[in-house]
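Protein chains in written order, with our numbering: chain S, 43 to 311; chain B, 7 to 391.
Certain hints may be false.
[Stated by the list, open to error] No more than 30 Å apart at the CA atoms, straight line, and that leaves these computed lysine-lysine pairs for DSSO-like:
1) S:LYS102 - B:LYS139
2) B:LYS21 - B:LYS94
3) S:LYS113 - S:LYS266
4) S:LYS102 - S:LYS55
5) S:LYS266 - S:LYS55
6) B:LYS352 - S:LYS102
7) S:LYS128 - S:LYS55
8) S:LYS102 - S:LYS128
9) B:LYS39 - B:LYS21
10) S:LYS55 - S:LYS113
11) S:LYS102 - B:LYS362
12) S:LYS102 - S:LYS113
13) S:LYS102 - B:LYS21
14) B:LYS140 - S:LYS266
15) B:LYS88 - B:LYS39
16) B:LYS352 - B:LYS21
17) S:LYS113 - S:LYS128
18) B:LYS352 - B:LYS139
19) B:LYS94 - B:LYS362
20) B:LYS39 - B:LYS94
21) B:LYS88 - B:LYS352
22) B:LYS352 - B:LYS362
23) B:LYS140 - S:LYS102
24) S:LYS266 - B:LYS139
25) S:LYS128 - B:LYS94
26) S:LYS266 - B:LYS352
27) S:LYS266 - S:LYS102
If you're looking for bench data, these hints aren't it; they were derived computationally from the structure. These numbers come from a predicted model, not from an experiment.
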Amino acid sequence: MKNNSSAPVIEVKHLTCGYGETVVLQDVSFAVHARELIFVIGGSGCGKSTLLRCLIGLLKPFQGDVAYFGKSFIAADATQRREILKTFGVLYQNNALWSSMTLAENVSLPLEEHTSLSPTDLEEIVALKLTEVGLSGSEELYPAELSGGMKKRAALARALALDPAIVFFDEPSEGLDPITSREMDRLILQVRDTLGTTMVIVSHQLSSIFRLADRVIMLDRETKGIIAEGTPAELVAASTDPRVRDFLNQNEAFPKRTNQPSGGVLAHS
Amino acid sequence: MTGSHPLPEAVARDKTATAQLQAGAPGGECQVKIGGDWRLNERVPSWNSVLQNHIAMNVRVVPDDLGKWDTSLLLFLVHGRKWCAAAKRDFHVEALPENLQTLLRQVENVDSPKPASKAAIQSNWVLAATFAKKLANKTRENISFVGECTLGIVSLARHPRGFRWMDCVVEMQRCWASSLPIVSLVSFLVGVILAFQAAIQLQQYGAAVFVADLVGLSVVREMGPMMAAVIMAGGIGAAFAAQLGNMKVDEEIDALETLGISTVDFLALPRLLAVTLMMPFLALYANVLGFLGGMFVSATMLNIPAAAYWIETQNRVGISDVTSGLIKSVFFGLAIGLAGCLRGMKCERSAAGVGKATTSAVVTGILMIVIADALFALIFNVLGI
Numbered sequence: 043m044k045n046n047s048s049a050p051v052i053e054v055k056h057l058t059c060g061y062g063e064t065v066v067l068q069d070v071s072f073a074v075h076a077r078e079l080i081f082v083i084g085g086s087g088c089g090k091s092t093l094l095r096c097l098i099g100l101l102k103p104f105q106g107d108v109a110y111f112g113k114s115f116i117a118a119d120a121t122q123r124r125e126i127l128k129t130f131g132v133l134y135q136n137n138a139l140w141s142s143m144t145l146a147e148n149v150s151l152p153l154e155e156h157t158s159l160s161p162t163d164l165e166e167i168v169a170l171k172l173t174e175v176g177l178s179g180s181e182e183l184y185p186a187e188l189s190g191g192m193k194k195r196a197a198l199a200r201a202l203a204l205d206p207a208i209v210f211f212d213e214p215s216e217g218l219d220p221i222t223s224r225e226m227d228r229l230i231l232q233v234r235d236t237l238g239t240t241m242v243i244v245s246h247q248l249s250s251i252f253r254l255a256d257r258v259i260m261l262d263r264e265t266k267g268i269i270a271e272g273t274p275a276e277l278v279a280a281s282t283d284p285r286v287r288d289f290l291n292q293n294e295a296f297p298k299r300t301n302q303p304s305g306g307v308l309a310h311s
Numbered sequence: 007m008t009g010s011h012p013l014p015e016a017v018a019r020d021k022t023a024t025a026q027l028q029a030g031a032p033g034g035e036c037q038v039k040i041g042g043d044w045r046l047n048e049r050v051p052s053w054n055s056v057l058q059n060h061i062a063m064n065v066r067v068v069p070d071d072l073g074k075w076d077t078s079l080l081l082f083l084v085h086g087r088k089w090c091a092a093a094k095r096d097f098h099v100e101a102l103p104e105n106l107q108t109l110l111r112q113v114e115n116v117d118s119p120k121p122a123s124k125a126a127i128q129s130n131w132v133l134a135a136t137f138a139k140k141l142a143n144k145t146r147e148n149i150s151f152v153g154e155c156t157l158g159i160v161s162l163a164r165h166p167r168g169f170r171w172m173d174c175v176v177e178m179q180r181c182w183a184s185s186l187p188i189v190s191l192v193s194f195l196v197g198v199i200l201a202f203q204a205a206i207q208l209q210q211y212g213a214a215v216f217v218a219d220l221v222g223l224s225v226v227r228e229m230g231p232m233m234a235a236v237i238m239a240g241g242i243g244a245a246f247a248a249q250l251g252n253m254k255v256d257e258e259i260d261a262l263e264t265l266g267i268s269t270v271d272f273l274a275l276p277r278l279l280a281v282t283l284m285m286p287f288l289a290l291y292a293n294v295l296g297f298l299g300g301m302f303v304s305a306t307m308l309n310i311p312a313a314a315y316w317i318e319t320q321n322r323v324g325i326s327d328v329t330s331g332l333i334k335s336v337f338f339g340l341a342i343g344l345a346g347c348l349r350g351m352k353c354e355r356s357a358a359g360v361g362k363a364t365t366s367a368v369v370t371g372i373l374m375i376v377i378a379d380a381l382f383a384l385i386f387n388v389l390g391i
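Whenever a hint applies, use it, and build me the whole structure from the sequences.
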């Protein structure tokens with residue numbers, strides 16, 4: 043959409059990052075192209091969230107670079123950084139809606155900060171955004187008055203407020219029931235198809251991965267980097283790495299359940 | 007559960023756990039018969055007491071009227087297995103219930119030696135260095151926050167239209183409304199206490215009317231601004247830290263940052279400005295209540311009419327005394343706001359972190375108030391105010 047050249051939308055080059063003296067990811071490189079819907083997956087503690095924090099500028103990497111539309115994000119000065127920040131929206135794991143503001147205020151704040159729209163235009167855009175995510179009429183509600191699924195939708199509306207070229211999702215279906223989670227997936231696809239947004243989703247929900255992903259990047263804790271990259275189908279069919287196969291295996295042989303009470307320690311009281 | 011125990015719960019009474027050693031079984035083995043109910047909260051046999059001084063033989067554990075059991079039995083068996091491994095003997099548990107065997111297999115590696123913890127092997131020097139590093143980081147953090155606030159105020163002075171005045175007004179309202187009742191009570195009582203103390207001494211010399219001078223001066227120059235500031239530090243400073251800390255925990259501050267919105271401009275400055283602007287008003291109000299406290303004691307106990315008290319106060323307390331108190335209170339407000347916002351925004355991402363931030367905001371706030379007061383005492387002394 044915003045960028046017609048073939049340069050990748052996001053380019054991660056030899057990124058090394060972590061906390062304090064602990065290196066979580068080492069020498070990670072990958073690129074994301076326009077309109078791609080890409081999943082970053084991996085077991086707990088593999089650095090998915092750390093990578094996301096680096097990408098959105100909340101964590102300074104030890105080494106390497108993240109570039110948006112060919113412009114370095116890490117080396118950017120304050121003005122350039124602000125410009126880059128405007129190109130993406132983020133949906134946080136626990137939504138991070140500003141709890142002291144109504145939904146309308148939540149969605150309009152990014153617009154107020156970065157545009158000079160008139161109050162009536164603002165109001166209309168907010169209503170549009172909330173309708174897009176299926177929350178029309180909830181303008182005056184506070185985040186605390188919403189259900190888990192509604193909060194996610196509201197957070198998505200806010201992430202989409204500035205019509206960003208990229209949206210980052212941190213565990214979008216975390217804590218949602220299967221039906222709401224499916225609705226969320228549908229919404230994500232709908233946004234991608236209608237707005238042409240590039241999406242980077244950090245998740246370990248297998249069902250969402252298989253439903254949505256154009257491409258999957260799998261991180262590993264031991265390797266501290268990418269161990270597999272490809273479409274989910276490719277990875278399932280062709281990967282020989284047991285870690286990848288294990289992660290993506292939807293029908294893993296599980297110990298057969300017996301009906302007879304096997305009795306555990308806790309059953310004894 | 008207890009598949010092996012058919013009695014209903016109500017009827018079943020716990021039997022004492024038993025473990026008996028029977029040597030001389032075929033194949034050079036000894037048998038350990040375990041029976042009864044094994045409970046963590048009751049006395050159960052220990053492996054060593056069963057084996058006592060027996061020479062090492064292969065061991066076979068067999069159930070003998072085994073009732074209910076819990077982790078205490080598992081622990082017993084783990085000890086047995088360890089003992090056998092050390093004595094290089096076989097440990098047979100095949101006769102035990104299937105689920106117990108499964109549990110035993112699951113904890114196979116439970117006592118693999120753990121590496122010495124990192125903290126234990128650190129020398130005092132390393133600890134000191136870590137502490138110094140942390141301290142340096144904290145100091146840098148604090149200085150950079152104060153710097154950011156200063157820059158924010160400068161840019162506010164240049165472009166006042168971009169500032170979130172509405173937020174500031176809301177915070178001012180909150181400062182004023184929430185502190186008024188307690189400031190009233192405390193300031194009035196401070197006036198009363200000062201008047202009492204002064205009266206006891208001054209009455210001896212028949213100089214009771216000078217109570218007005220003493221109360222007036224101490225309230226206006228010290229106690230009014232100080233008490234108002236301490237109450238604000240406890241109320242408003244803590245509230246700032248808790249609000250901002252909670253926002254940090256819920257990623258709300260991250261959400262602002264990734265939108266390119268300056269968190270200092272957006273969150274800290276309105277609060278900082280609100281408390282700084284409100285502080286002198288509260289101090290002035292505290293002064294008035296302090297006077298009234300002194301007047302009340304004088305009128306009721308010392309038989310000094312209110313009018314006389316008021317005239318005496320007017321004669322002694324000059325405008326410079328009042329202003330010196332109010333100037334101080336502006337800085338007290340700044341200290342409270344800075345401490346509250348800084349602690350809140352640098353809060354750890356946990357519930358305990360919010361608690362720590364709140365406490366720390368109050369402590370830092372009061373500490374800074376007292377330090378500022380001492381500095382002002384020095385400055386005013388030098389200037390002769």
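### Query
So which of those numbered hints doesn't the model satisfy?
Hint check: 2, 13, 16, 19, 21 and 25 fail, others pass.
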